[in-house]
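Asks: Let the sequences and hints guide you as you build the complete structure.
Protein chains: 4
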Amino acid sequence: MDYVYGPGRNHLFVPGPVNIPEPVIRAMNRNNEDYRSPAVPALTKTLLEDVKKIFKTTTGTPFIIPTTGTGAWESALTNTLSPGDRIVSFLIGQFSLLWIDQQQRLGFNVDVVESDWGQGANLDVLASKLAEDRYHSIKAICIVHNETATGVTNNLATVRKLLDDYNHPALFLVDGVSSICALDFRMDEWGVDVALTGSQKALSMPTGMGFVCASPKALEAAKSARSVRVFFDWNDYLKFYKLGTYWPYTPSIQLLYGLRTALDLIFEEGLDNVIARHARLGKATRLAVEAWGLKNCTQKEEWYSDTVTAVLVPQYIDSAEVVKRGWKRYNLSLGLGLNKVAGKVFRIGHLGNLNELQLLGCLAGVEMVLRDVGYPVKLGSGVAAAAAFLSNTTPLIPSRI
Amino acid sequence: MDYVYGPGRNHLFVPGPVNIPEPVIRAMNRNNEDYRSPAVPALTKTLLEDVKKIFKTTTGTPFIIPTTGTGAWESALTNTLSPGDRIVSFLIGQFSLLWIDQQQRLGFNVDVVESDWGQGANLDVLASKLAEDRYHSIKAICIVHNETATGVTNNLATVRKLLDDYNHPALFLVDGVSSICALDFRMDEWGVDVALTGSQKALSMPTGMGFVCASPKALEAAKSARSVRVFFDWNDYLKFYKLGTYWPYTPSIQLLYGLRTALDLIFEEGLDNVIARHARLGKATRLAVEAWGLKNCTQKEEWYSDTVTAVLVPQYIDSAEVVKRGWKRYNLSLGLGLNKVAGKVFRIGHLGNLNELQLLGCLAGVEMVLRDVGYPVKLGSGVAAAAAFLSNTTPLIPSRI
Amino acid sequence: MDYVYGPGRNHLFVPGPVNIPEPVIRAMNRNNEDYRSPAVPALTKTLLEDVKKIFKTTTGTPFIIPTTGTGAWESALTNTLSPGDRIVSFLIGQFSLLWIDQQQRLGFNVDVVESDWGQGANLDVLASKLAEDRYHSIKAICIVHNETATGVTNNLATVRKLLDDYNHPALFLVDGVSSICALDFRMDEWGVDVALTGSQKALSMPTGMGFVCASPKALEAAKSARSVRVFFDWNDYLKFYKLGTYWPYTPSIQLLYGLRTALDLIFEEGLDNVIARHARLGKATRLAVEAWGLKNCTQKEEWYSDTVTAVLVPQYIDSAEVVKRGWKRYNLSLGLGLNKVAGKVFRIGHLGNLNELQLLGCLAGVEMVLRDVGYPVKLGSGVAAAAAFLSNTTPLIPSRI
Amino acid sequence: MDYVYGPGRNHLFVPGPVNIPEPVIRAMNRNNEDYRSPAVPALTKTLLEDVKKIFKTTTGTPFIIPTTGTGAWESALTNTLSPGDRIVSFLIGQFSLLWIDQQQRLGFNVDVVESDWGQGANLDVLASKLAEDRYHSIKAICIVHNETATGVTNNLATVRKLLDDYNHPALFLVDGVSSICALDFRMDEWGVDVALTGSQKALSMPTGMGFVCASPKALEAAKSARSVRVFFDWNDYLKFYKLGTYWPYTPSIQLLYGLRTALDLIFEEGLDNVIARHARLGKATRLAVEAWGLKNCTQKEEWYSDTVTAVLVPQYIDSAEVVKRGWKRYNLSLGLGLNKVAGKVFRIGHLGNLNELQLLGCLAGVEMVLRDVGYPVKLGSGVAAAAAFLSNTTPLIPSRI
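Chains as they are written, first to last, in UniProt numbering: chain S, 1 to 401; chain E, 1 to 401; chain C, 1 to 401; chain L, 1 to 401.
Just so you know, not all the hints are guaranteed correct.
One copy or two, it doesn't matter: identical chains are merged, so the pair holds either way.
[As the list claims (entries may be wrong)] DSS-like mimics (lysine-lysine), calculated; alpha carbons at most 27 angstroms apart, straight line: (1) 53 / 340; (2) 129 / 217; (3) 161 / 45; (4) 161 / 242; (5) 324 / 56; (6) 378 / 283; (7) 223 / 295; (8) 295 / 378; (9) 223 / 300; (10) 324 / 52; (11) 45 / 56; (12) 324 / 45; (13) 344 / 239; (14) 129 / 242; (15) 239 / 340; (16) 378 / 161; (17) 344 / 242; (18) 242 / 324; (19) 239 / 324; (20) 378 / 223; (21) 340 / 295; (22) 53 / 324; (23) 242 / 378; (24) 344 / 223; (25) 242 / 340; (26) 344 / 52; (27) 53 / 242.
Please keep in mind that the hints were generated in silico from the structure rather than gathered at the bench.
Replies: Structural data, given as structure tokens:
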């Protein structure tokens with residue numbers, strides 16, 4: 001029943017789906033329930049309130065959609081835009097590429113701003129476009145907060161600032177799939193109009209819930225958006241929100257209870273502490289990469305991602321071999337290089353419910369794998385560099401002091 | 001953490017989500033995994049092969065979509081049709097109504113054939129329409145195999161026969177949400193072009209998987225269908241099928257393993273035995289209703305559903321009270337009457353992984369509830385009628401002989 | 001992996017092990033933990049405090065021993081008595097027989113007071129013995145509160161009264177295996193010196209914890225008791241209680257958390273409500289038996305048990321066939337007749353986390369099985385009798401009002 | 001519900017209870033069952049057969065007792081010996097001490113052969129005793145295969161050789177609690193008469209099962225052994241083995257299914273591969289300790305344990321601080337020093353279902369903790385030493401080649 005079982009734990013370091021904490025696994029370990037009984041709306045009400053907190057919004061309206069990140073993208077776009085609408089979108093890696101592909105297939109007129117893979121969104125170009133766009137033909141700016149393929153985090157505050165500077169009314173749509181609950185994200189402060197994430201990322205749950213949060217402006221836009229949508233239509237949700245039953249179609253009972261626990265764990269740790277933990281683990285990973293003498297795919301420090309690190313391997317090595325070898329020998333799951341960077345990078349996902357020693361075990365594994373594939377790494381070097389940093393910065397676990 | 005806990009088991013008799021067998025709950029009790037490792041495609045391959053069996057097809061192509069039944073509908077429609085296409089659709093209850101609503105919102109020209117709620121699809125009207133449609137303006141026939149709101153099962157073989165009689169090339173699209181894996185359904189034999197169901201119904205899993213199966217003709221139609229779709233686009237799946245990695249976006253690891261076990265249990269019992277069990281439980285339920293002196297919402301025997309029975313209550317009773325009371329006093333979950341039959345019917349779902357004594361416990365509960373709300377039922381009467389039938393027809397459990 | 005799987009739920013109506021509520025299953029769904037960390041003592045402390053409540057004692061000292069009921073018996077005896085000690089013990093069925101066998105093998109001088117199986121302990125004989133025993137040669141009275149083999153509940157208050165009337169200092173040792181948490185039991189009020197139960201009975205957990213509670217007098221007796229014991233020695237526990245680490249050897253982490261939840265559920269429902277629920281289900285079962293025209297193995301109403309009903313079958317029927325048939329055809333697990341009543345009775349366990357509709361499903365199953373084995377029962381008759389009682393007495397579920 | 005939760009996984013490196021593999025957790029995730037149904041004996045039969053394999057015996061008789069290691073000790077002793085019997089027992093650490101304490105309290109005449117904590121059993125003394133004992137007053141040799149407190153593995157083959165050399169008929173009783181399923185153990189080849197272990201050790205299950213395996217000679221001895229026993233009496237088991245029902249009292253259904261899976265995983269990996277894995281992880285740990293400049297509590301290489309390493313800390317450090325700090329800061333659970341070595345050693349348990357990267361994560365954590373408590377360890381040094389060894393010796397995972 002378990003395909004290709006190996007002894008001991010699987011070391012899951014892909015940038016999603018990520019490790020699920022035991023309390024969440026426990027919470028989901030249950031039979032179905034009637035979702036029309038009073039219990040499910042009571043539970044849902046608390047979830048919707050608390051989901052807003054992870055977006056750092058008080059004015060947004062969250063939608064919890066039984067779908068994946070791809071579906072969440074579609075929900076964000078089709079509810080706010082109409083076919084033919086001009087949008088600006090940044091291509092900086094595989095996931096922004098896929099989103100752009102979706103934008104084009106949904107019939108929008110996409111102004112693609114491309115950067116080298118490993119660079120962040122080119123906001124200078126955005127500035128020019130906004131400056132030129134006096135008649136506000138640009139209806140939306142679509143940007144991936146954290147490009148999972150290259151480990152690049154874009155500066156959303158700057159995007160907001162540009163929109164404000166040019167007094168531009170474009171909607172600000174953000175893919176927060178590998179950022180929300182892990183990186184600093186502030187929906188209200190940054191004036192984000194639609195933000196979205198998926199359950200299997202920093203929320204540390206199974207796949208199956210797309211979280212989409214809409215600002216009042218986005219809800220207003222939804223009223224006139226002419227993109228065809230039914231499954232992803234916010235209106236169906238809003239109708240049931242009013243009725244207090246919340247669900248236009250059957251939710252996953254298991255995921256609802258899982259989400260309740262996932263949120264409880266995050267709030268118990270403290271959302272800002274969770275973000276600080278990601279910053280710590282991200283930095284530790286980068287120090288290890290440096291100690292190994294390898295390069296980060298991310299070209300500048302300002303774009304370094306605290307949820308995923310894409311590591312460039314020397315030309316004589318196929319990074320897919322690194323991933324394959326880790327899995328076959330050490331029960332280690334690393335992320336492949338995708339598309340343009342296939343064979344060139346492997347990725348270490350360090351997001352979600354994770355701690356220092358898990359990461360150090362992974363780094364030790366990467367070292368052994370690198371040696372296996374012919375890279376002359378000094379064993380222990382990355383671990384030492386990461387540990388030196390972590391041993392100075394890791395706080396005591398609050399509940400255990 | 002458990003909202004409104006009651007002592008003992010919840011008796012779950014809504015027509016979905018239904019009871020999950022313990023082995024399936026167990027199989028899903030796991031951490032996430034890298035879905036790009038060799039394990040997940042190996043597992044997926046067996047699933048896709050076996051899913052075809054529950055549709056009784058050898059030529060169909062199944063898609064397992066991270067969505068609900070509503071999403072599965074959208075997938076069926078948008079992949080095979082173009083905006084403006086004329087389709088014939090039968091309105092016989094709340095779920096066919098919702099599907100028609102979706103069809104209209106997706107931009108099709110829907111020829112609605114309406115029946116009283118409690119009647120099956122009017123196939124005489126279909127015959128006339130097909131007869132008239134010499135130039136084949138009708139692109140698809142959309143029909144719900146089993147209308148969950150009224151407990152009506154339509155005769156799909158007759159639909160096929162009419163299409164054949166008139167040599168009509170319309171696509172034959174079937175909502176099998178509350179039928180597949182429970183009622184006799186034969187995709188290939190009946191020439192169904194797209195059939196669909198959801199995981200939380202007769203497959204007895206959590207919500208989260210929409211199963212859509214496409215005939216070769218449907219796949220061909222997909223090539224020219226101009227409905228906008230991305231998340232639901234079969235092409236993205238087909239591309240990954242070819243690559244042998246299967247998933248265009250992250251599947252739920254837990255549901256994949258759950259599905260493996262759900263299918264194993266069905267095949268161990270034997271799909272035809274599963275269907276026979278549903279026939280037995282359906283008949284037993286109807287005998288109880290008759291013994292109570294109540295009427296079945298379904299107006300003719302030919303439409304009786306073996307997965308859900310909608311029971312009409314006398315005018316002086318509000319059927320919502322029956323449901324409420326069952327839940328509040330006996331931890332019994334019955335289905336509400338929806339829309340036109342709200343207040344008039346309550347529904348007993350008898351689909352999925354269920355056995356005789358579970359049903360009899362439910363029937364005993366309904367009797368007590370009916371008395372609670374003022375209907376002078378003879379306690380034990382329905383149970384006696386059902387048991388008389390079941391005691392003559394229930395086979396020994398094969399593994400225990 | 002599941003031996004002899006059947007479709008739908010197993011209907012578990014043996015008088016132990018009993019159904020485990022889902023929240024308890026969930027709580028136990030976890031990895032091991034270091035039992036010497038601060039977490040386990042913190043948890044244990046709450047458990048020991050709360051376990052006293054189910055014994056209704058404030059002065060008793062509870063021991064939670066990794067063993068079964070048989071081990072709990074041994075713990076009760078060896079810690080309070082010395083080889084050769086005279087004890088009075090009542091033989092009224094298979095479990096009292098086994099306890100007496102243990103008492104004899106442990107070297108005590110057992111004064112066996114035997115009754116017909118189906119009768120309660122003969123307390124008149126006890127009275128005579130106490131009256132005669134002027135020099136207090138009797139060191140202990142050993143009595144089973146509820147004899148699980150025959151469904152007989154003994155009157156413990158009377159035993160206490162007799163001891164008081166004769167001012168007799170004998171220890172009062174009670175097997176509460178199938179009573180505590182289900183029947184009215186009052187350790188302090190009745191002056192019980194050692195009471196015991198097992199986790200798989202009314203606490204509705206897996207097997208693995210023996211609960212033994214000792215009065216101050218019992219603890220005092222332990223100081224001079226010369227029975228050889230190590231694993232079952234209370235002193236080892238008391239030593240670790242003082243240290244605040246609680247465990248002389250490794251406890252089951254899973255059962256500790258399971259117990260926490262099991263107790264929480266009992267207190268949430270209210271212990272007295274739990275007991276009232278058992279009274280209700282016991283009475284309903286007896287009404288069904290009467291309606292079937294069958295006799296209760298228990299000969300007088302004063303001894304009727306609210307946790308298990310032993311049903312006498314007519315001579316021409318082998319009760320083992322009833323049990324076998326229930327399991328093979330209806331996934332129903334009933335209790336066998338044991339020893340003297342083998343073939344003559346089958347048992348319906350109605351203890352633990354159970355509700356009305358579960359019981360009615362069971363009763364409906366028993367009716368069908370009785371017919372299968374040739375007894376001309378009127379189908380529905382028992383269910384009707386039970387339901388008539390239950391529909392008048394079942395309260396609303398408090399959390400759902 | 002989770003006492004003192006910390007983010008990420010707990011790193012469980014106490015020498016028991018150990019990590020439970022997910023498939024075993026899954027297998028135990030279930031309701032109770034009637035243990036008198038045909039299913040449980042069918043399952044038990046396979047378990048008893050397979051348990052013999054982990055003892056490497058074909059002639060032994062296994063008993064699976066609902067107890068802990070302490071209870072298994074008591075079962076081994078009381079079934080084979082009589083009060084007053086002379087036995088030779090080796091005191092080399094806390095667990096052999098506790099067993100000797102039990103032996104004495106059970107009334108045996110214990111000839112204690114003491115060694116320094118950190119040394120193995122003094123077999124020279126055994127040789128002398130056997131040589132002197134011409135009239136065979138010594139009834140049994142009791143020895144701990146692996147002393148968990150000091151990480152010392154005794155040489156059982158030599159014990160056997162001595163018994164053979166002196167043609168001595170003493171029973172050979174072995175505590176294999178922290179060895180069986182992890183270290184090389186050969187019941188038949190070494191002529192062991194009783195061997196025992198517990199479920200929470202190398203079998204990687206929860207606490208709750210004591211495994212005791214008796215040679216034909218031990219079974220013969222049981223016939224005349226006069227130690228008082230009931231709960232631990234093998235005869236009760238043997239009676240039910242003959243009946244084919246196997247259980248004298250209620251087993252834990254959950255642990256039975258858990259054991260089935262635990263054994264399946266061990267046989268899938270291959271018992272000898274499991275042992276080799278332990279050898280590899282043990283050696284890696286010792287190399288790390290050496291690299292840290294610390295001493296192993298085990299004084300000679302011949303006694304090195306592959307399941308637990310007790311690490312001596314410098315005098316100016318309290319080893320309890322190491323353990324405390326690991327738990328409080330890194331969610332790392334290490335073993336405390338016990339009794340004579342309290343404050344002087346901390347222990348790394350490396351037994352059970354564990355792999356290379358888990359161990360390296362632990363070692364990295366120990367390094368950081370050592371620095372925290374003032375020991376000037378070079379971060380990464382132990383990981384590097386361990387990894388250098390592991391990267392040369394870890395095989396590919398067979399199912400993934």
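Asks: It remains to establish, for every hint, whether it holds in the given structure.
Replies: Hints, verified against the model:
In this assembly of identical chains, the alpha carbons of residue 53 and residue 340 never lie at most 27 angstroms apart, being 36 angstroms within a copy and 39 angstroms across copies at closest. Taking the shortest Cα distances, residue 129 and residue 217 sit within 27 angstroms of each other inside one copy (22 angstroms), while across copies they are farther apart (46 angstroms). For the identical chains of this complex, residue 161 and residue 45 are neighbours neither inside a copy (34 angstroms) nor across copies (49 angstroms), given an alpha-carbon limit of 27 angstroms. When the C-alpha separation of residue 161 and residue 242 is checked against a cutoff of 27 angstroms, the pair qualifies neither within a copy, at 35 angstroms, nor between copies, at 45 angstroms.
In this assembly of identical chains, the alpha carbons of residue 324 and residue 56 never lie at most 27 angstroms apart, being 39 angstroms within a copy and 36 angstroms across copies at closest. Taking CA atoms no more than 27 angstroms apart as the test, residue 378 paired with residue 283 passes in both settings, with 20 angstroms inside one copy and 20 angstroms between copies. In the homo-oligomer, the alpha carbons of residue 223 and residue 295 never lie at most 27 angstroms apart, since the shortest distance is 47 angstroms inside one protomer and 44 angstroms across protomers. In this homomeric assembly, residue 295 and residue 378 come within 27 angstroms of each other (Cα to Cα) both inside a single copy, at 15 angstroms, and across copies, at 25 angstroms.
Taking identical chains as interchangeable, the C-alpha atoms of residue 223 and residue 300 are never at most 27 angstroms apart, the minima being 41 angstroms within one chain and 44 angstroms between chains. Within a single copy, residue 324 and residue 52 get their C-alpha atoms no closer than 39 angstroms, and across copies no closer than 31 angstroms, so neither meets the 27 angstroms cut-off. In this assembly of identical chains, residue 45 and residue 56 lie within 27 angstroms of each other by CA distance solely inside one copy; the values are 17 angstroms within and 39 angstroms between copies. Taking the shortest alpha-carbon separations for residue 324 and residue 45, only the inter-copy value of 20 angstroms comes in at or below 27 angstroms, while the best intra-copy value is 44 angstroms.
For a Cα distance limit of 27 angstroms, the shortest separation of residue 344 from residue 239 across copies, 23 angstroms, qualifies, whereas the shortest one inside one copy, 48 angstroms, does not. In this assembly of identical chains, the alpha carbons of residue 129 and residue 242 never lie at most 27 angstroms apart, being 40 angstroms within a copy and 40 angstroms across copies at closest. For the identical chains of this complex, residue 239 and residue 340 are inter-copy neighbours only, at 18 angstroms across copies versus 44 angstroms inside a copy, given an alpha-carbon limit of 27 angstroms. When the C-alpha separation of residue 378 and residue 161 is checked against a cutoff of 27 angstroms, the pair qualifies neither within a copy, at 45 angstroms, nor between copies, at 47 angstroms.
Taking identical chains as interchangeable, the C-alpha atoms of residue 344 and residue 242 lie at most 27 angstroms apart only when they sit on different chains, with a minimum of 24 angstroms there against 51 angstroms within one chain. In this homomeric assembly, residue 242 and residue 324 come within 27 angstroms of each other (Cα to Cα) only across copies, at 21 angstroms, whereas the closest approach inside a single copy is 50 angstroms. For the homomeric pair residue 239 and residue 324, the shortest alpha-carbon distance between copies (23 angstroms) is at most 27 angstroms, but the shortest distance inside one copy (48 angstroms) is not. In this assembly of identical chains, the alpha carbons of residue 378 and residue 223 never lie at most 27 angstroms apart, being 60 angstroms within a copy and 54 angstroms across copies at closest.
In this assembly of identical chains, the alpha carbons of residue 340 and residue 295 lie at most 27 angstroms apart only when taken from the same copy (17 angstroms versus 51 angstroms across copies). Proximity of residue 53 and residue 324 under a CA criterion of 27 angstroms is satisfied in neither setting, with 38 angstroms inside one chain copy and 33 angstroms between copies. Taking CA atoms no more than 27 angstroms apart as the test, residue 242 paired with residue 378 passes in neither setting, with 61 angstroms inside one copy and 41 angstroms between copies. Proximity of residue 344 and residue 223 under a CA criterion of 27 angstroms is satisfied in neither setting, with 45 angstroms inside one chain copy and 35 angstroms between copies.
For a Cα distance limit of 27 angstroms, the shortest separation of residue 242 from residue 340 across copies, 20 angstroms, qualifies, whereas the shortest one inside one copy, 46 angstroms, does not. Taking the shortest alpha-carbon separations for residue 344 and residue 52, neither the intra-copy value of 38 angstroms nor the inter-copy value of 39 angstroms comes in at or below 27 angstroms. For a Cα distance limit of 27 angstroms, the shortest separation of residue 53 from residue 242 inside one copy, 21 angstroms, qualifies, whereas the shortest one across copies, 42 angstroms, does not.
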